[in-house]
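Peer 1: Below are the chains, spelled out letter by letter.
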Amino acid sequence: MKIKVYERAIELILSCPDKDLKKLRVVNIAQAIAANRSYLSRCFKKALGMSVTEFVRREKIHRAVFILDKDHDKTIEILASELGFHHVDDFIAEFEKRLAIHPERYRYLRKNRNFIQAERYGNR
Amino acid sequence: MTKKHNEYAEKVIKFVLTREEKELAELTVEKISTILDLSQSHVYHTFKQQKQMTPGEFLSTIKMIRAVLILDKNSDISIKSLSKKLGFSSPDYFNKIFKEHFGTTPGRYKKYIKLGRCESPLQVGCDDRPTHGE
Chain V
1459 MKIKVYERAI
1469 ELILSCPDKD
1479 LKKLRVVNIA
1489 QAIAANRSYL
1499 SRCFKKALGM
1509 SVTEFVRREK
1519 IHRAVFILDK
1529 DHDKTIEILA
1539 SELGFHHVDD
1549 FIAEFEKRLA
1559 IHPERYRYLR
1569 KNRNFIQAER
1579 YGNR
Chain W
21 MTKKHNEYAE
31 KVIKFVLTRE
41 EKELAELTVE
51 KISTILDLSQ
61 SHVYHTFKQQ
71 KQMTPGEFLS
81 TIKMIRAVLI
91 LDKNSDISIK
101 SLSKKLGFSS
111 PDYFNKIFKE
121 HFGTTPGRYK
131 KYIKLGRCES
141 PLQVGCDDRP
151 THGE
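Read top to bottom, the protein sequences are chains V and W.
Per my numbering, the very first residue in the first sequence carries number 1459; after that it's consecutive.
Per my numbering, the very first residue in the second sequence carries number 21; after that it's consecutive.
Check the hints yourself; a few may be wrong.
[Stated by the list, open to error] Incomplete in silico selection of chain W near chain V, CB under 8 angstroms:
| hint | residue |
| --- | --- |
| 1 | 38 |
| 2 | 79 |
| 3 | 88 |
| 4 | 89 |
| 5 | 90 |
| 6 | 108 |
| 7 | 112 |
| 8 | 113 |
| 9 | 123 |
[What the hints assert, rightly or not] No more than 30 angstroms apart at the CA atoms, straight line, and that leaves these computed lysine-lysine pairs for BS3-like:
| hint | chain 1 | residue 1 | chain 2 | residue 2 |
| --- | --- | --- | --- | --- |
| 10 | V | 1528 | W | 104 |
| 11 | V | 1532 | W | 93 |
| 12 | W | 71 | V | 1555 |
| 13 | V | 1480 | W | 119 |
| 14 | V | 1569 | W | 93 |
| 15 | W | 104 | V | 1481 |
| 16 | W | 134 | V | 1528 |
| 17 | V | 1532 | W | 104 |
| 18 | V | 1477 | W | 51 |
| 19 | W | 116 | V | 1460 |
| 20 | W | 68 | V | 1503 |
| 21 | V | 1569 | W | 105 |
| 22 | V | 1504 | W | 134 |
| 23 | V | 1481 | W | 131 |
| 24 | V | 1477 | W | 68 |
| 25 | W | 42 | V | 1503 |
| 26 | W | 105 | W | 71 |
| 27 | V | 1462 | W | 51 |
| 28 | W | 134 | V | 1462 |
| 29 | V | 1462 | V | 1528 |
| 30 | V | 1504 | W | 42 |
| 31 | V | 1555 | W | 131 |
| 32 | W | 51 | V | 1503 |
| 33 | W | 119 | W | 51 |
Simulated from the structure, these hints should not be mistaken for laboratory data.
The structure presented is a predicted model; accordingly, all values stated were derived computationally and were not measured.
Every residue gets a Cβ at the ideal spot worked out from N, C-alpha and C, and that includes glycine.
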């Protein structure tokens, strides 16, 4: 069975290690899966309703969530830069677009969830 | 819009994010509104206005994020029990929603977590990673 071009791109993006996510540009992806760049862009958009770049940005936010859950000390600035965001505000905006919350606030709530639960809603 | 209304979205977010799986699984926007003693329609409108998404979309995203966090910690969990754990009535429906969020099925995502993410696919090519359509 033939694997569709966009599926190979998704596979490549999702299996990419965190540290290499910043290298993921359409041109690299197309090259790695031996596909024509504009054909890949077209197929991807048609199948997923978003561009490859948007999908990569979204996946970066998912990885950020993983990291925020595990690493309580890493600053948002360093995290943003590791994921290849040029500016921390760009990262924060993308995070808020996806999760409706500031990444620092997200980490705070997740980290202190037991305490917060007990404090306000413990008896419900 | 009053200041009180502006806090609705924050209250909902705080409530949802501090839930454990079991409780999260049973949540709906209606239940959250009841528990927090807020009007459901006000929650809907203020959330949408401030966060550019509906509270239902937010809840769904958080459930899906939780799904991958569970997969990350315990990659041996079956998709069926994961789907059940998060309160989905059927694994098929869970698969569908998961795919909308991550572009692939939870089964494949699990493989990527398990096998991938250790070497750069940009350097090693695509041959040694899980294949589709078997």
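Peer 1: Hint numbers the structure violates, sorted upward?
Peer 2: The structure breaks hints 2, 5, 6, 7, 8, 15, 17, 18, 24, 25, 27, 29, 30 and 32; every other hint is satisfied.
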